[in-house]
Amino acid sequence: MKLHTCSLYIFLLFSFCILHGLSHNNLNSSCQRHDCTTKSVPYKTHVSSGSSCHETQEIQIMFSSNIIENEYIIKFKNYYQASARKNYIRAALNLFNIENWKIIPRNNAASLYPSDFDIIHLEETDKYEGLKALSNHPLVKTVSPQKLIHRTLKFINTSNVDVLQIENTRRKLNNNNSGQSTSRHTSRKLLRAIPKQITYLLEADILWKMGITGKDIKVAIFDTGLAASHPHFRNIKERINWTNENTREDGLGHGTFVAGVIASSSKDCLGFAPDADLYIFRVFTNAQVSYTSWFLDAFNHAIFRKVTVLNLSIGGPDFMDQPFIDKVWEVTANGIIMVSAIGNDGPLYGTLNNPADQMDVIGVGGINWDDQIARFSSRGMTTWELPHGYGRIKPDLVIYGSGVRGSALQNGCRSLSGTSVSSPVVAGAVALLASAFVETNGSRINNEKVTPASIKQALLSSARRLPGVGIFEQGAGKLDLLRTFNFLQSYTPVVTLYPSYIDLTECQYMWPYCTQAIYHTGMPTIVNVTIINGLGVAGNVVNLTWHPYAGNGNGEHIDVAMTYSDVLWPWSGWLAIAITVPSTSHDWQGIAQGHISLTIESDGAGKPRQSTVMLPLQAKVIPTPPRQKRILWDQYHNLRYPPGYFPRDDLRVKNDPLDWNGDHIHTNFKDMYQHLRNAGYYLEVLGHPFTCFDAKNYGTLLIVDTEEEFFPEEVIKLKRDVEDGLSVILFADWYNTAVMRKIKFYDENTRRWWIPETGGANIPAINDLLYPNWGVAFGDEVRNGQFILGQHAPVTFASGTTLIRFPKDGVLLYVELYDQGRELLEKDTGISTLVPILGLLQITNKKNVKMAYNKKLDNEAGENEGKNIVNEETSMSGRLVVYGDSNCIDDSHLQKSCFWMLDAILEYTTTGYVPTVFMDESQKKHKTVKTTSNMKIGELPYRMKENHFGRHSKVLTTDESTGTFRPLPLCATPIHAVPMPINESVPIELYKPQKLLPIGDTMSAVNSVLQDTDTLWLKRRVGGASMPTLHLDIDVMTYDVKENQGNEQVIVYQWSYIIIIIIIMIIIIYLWNCLGLNRHSRRKRTILRLFRAIRALVVRRIPGQM
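Those letters in the sequence shown? Residues -23 to -1, 1 to 1083, per mature numbering (1 follows the signal peptide of the UniProt record, and there is no 0), in order.
Because the hints were derived from the structure by calculation, they are not lab data.
The list that follows gives simulated cross-link-like pairs (lysine-lysine, DSSO-like), each with its CA atoms no further than 30 Å apart: (1) Lys214 with Lys244; (2) Lys931 with Lys52; (3) Lys118 with Lys104; (4) Lys913 with Lys785; (5) Lys902 with Lys804; (6) Lys118 with Lys79; (7) Lys719 with Lys922.
From just these sequences and the hints, can you work out the full model?
See below:
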């Protein structure tokens, strides 16, 4: 063998080993060829000519929920025959002599049975009196508008990564199958060969071999239908069409795919429970339209059929459809385990879909085949609780949702991606697990082991934590089927909490809690804990106690206030923990610890039973930060959908016109929050009017994209606060009544016009706040374009507004922008013109100035000294910054961020010096002007008269004609729990660290760099019967340093191995050439030794992979 040939072999062997070490994959499974047999799919799908065998279709869903004019759902307190319900309605309306009404007929399978609701149509003239009469009837529970639900499914072909491939090009992060990869090695990657069957990957076959196959379990699938003759399904027990179309067939393929993931018997795409009994509920038409009433009837029938599991791979942002919510509660109260998709609106936070965001429903998110959160999977928190409180934790758990194979429309298999796929994976797993606890004669299911509470407890307690992923992305973690089965085998009814501990120092899992320590005078840090009641469908709290650990636990340094559900129904409730720091600890720093003891009583087994659970709590306390570093975020004045039509801030967004992300610093302003925290600022959230905070504690009030009105008392107080040193930064958005009328739409189904309640922001309300106090006001022009300041990237000004009033002695920034409003109204883009969009103003406290002059005269000081006194007193006042657009700090529009500009604005509010970036005149398309007189352009915008803003406002009354204000609400004062100190050391067994059960046991994690050796990073925390663990003697800052050091060490170790191998190769080649290793046997021995040496070095585990 010649030298160059042997060197080539050595080089190839070396390259192979390096790839092996960096891929973190199983070598044997990686090298298998993937079966590229194509299956017939009812859609025309492009087949890639590259390395992929076939295309995966991703499901994109657009959702809208509209009120049907003059149609109302009358919800009764019990179930009655149709004739009885009609008599009750007639009796109520006859009292007011209302004759023009009718009951809307429902011609479906439920019409023959008693029901608890009817749909009636009232004439417009009788609507007010009729609704009042019906609401007052003693047998009527609620009266709600009938809603139409429109969902648009789009199947988009995306490249599948099911095969082994090596790419020279960089993988795009926006590929929905790739998820959010944080790997450092993205330029070239060895991708894992995905197993053909997700059922085998989750080891369902082990349960099948035990005879557990889903037999005798009734599974209801609410979707688009299923063909009776489909060859994949053994037990289709019932198919019912609840729509106004005369068919039970699936015209879209979505319902067929979902049913296949749950119960397909095809060897090419096996479902989890192939012997389950399927009940197919067709609730969406081929036009993807549904009504609330269709769901209500279908839910009633599911209760009547006593189904065990119900899958909803559908959802939307409307969590205020009260009849729908009430019926979901009733479904789960009847023992039906409801599983629902969390939504495909990621990677934004605050994008959870209903009903998956309800406590009694198992909400499922999606991950990709690399065990990373799929980009499309919606994130928490829930937004029901805003603005006064804080959201709950969702999703509950995650599982594969990218490129999963299921049944195609007519025959064969196909691949789809989305949480619509993840949901039936969990539903099928639940059906499989439930069948393990059916009595031998199949007559009944074990009512203690298979309930909505017990199944949820088992799933969350057994889930495997994904390292480096937050709780609002993954919930409890990844589904582990066999661990869940083992948990249920030994299950006895118990109460559990989710999350099962509160650790405000644990990053990344407890993001955002772990990113900011608590301190005296700070707004309460609120953690919402879900109580899962395995004792019975209803229960109540009988004892709730706060136990701070005295001594080394430092529990006396925090105060805890607790509120909770009056009744835990169905199967669950909430516990809100508000954590603050007392005045005695204003300068203390350290970790404070304690636990909350909670006792629940329930009579689910026919006799009262109690269960006590412990909630460990720890928080990092720091001395109160300086005022100039504290920012208060105004949450109270943000409104969103639901319930009203509040449009997006960027008018170019056509496919998702609703503003529904909550406008919170931990939802669609998450990146801005993290940026400001990294810059050393402390952010707090104000969920009440301006009258409820002490401005002396804060340097800046941040008002962004506000839609709500302002109380007169708020306007007066804010003026006083600014004069006392508080600065205000306000980001506005577009407002134009002509554009608002232009983007209204007439819905043929609901037969009504939908008009925006306001623009991107409520400019008339903002002007009522700014103009009387400081002479600043915005106009109604809608501008769009880009501009450049300094050396920064271009700033996108997306559907913003301009300034039309500004006082003298301020600074205005003019930039060239297009008139987007004119483009929308007249189809004429025109030319860009200079318009004022940013204003900076030093507020002058005239009272302080007058006092300063009086002080000067009294002291008979010189002229210069008097001026200095005046300047000193003036600088005590705050500063005002106004900007006409919020999109560049809002994650929801995914524009290039302008956080650098926010930094410059905060520099001005803190120091009073105008940043040089605003004064740079090197760019021709903008200019900065110091106002020498009051600016006045045009007229102030007026409010639209024909909308119904008062219906959704917390400030205005519902009487549209008067526009009067509601009474100013009282400020919330937390009632701190009486502490019951424990004068002993923190129990070691309570906080004992546990190793994170590695995902690598099932499939190796792609990014081993994130799996740091620090014990906090490797800990496993589980809910349910497993007791939570906390690590107590690590400071947050110390932890961050250790984490970074750990990452650096991992990289150093990797490169050290590579360098060593290269050196060894050079030495061997040199010796080969010098010593003349040309005999065959000697060459063979040398090659074998070289191979063993390289393999030993590469295969050796580094600390980051332990």
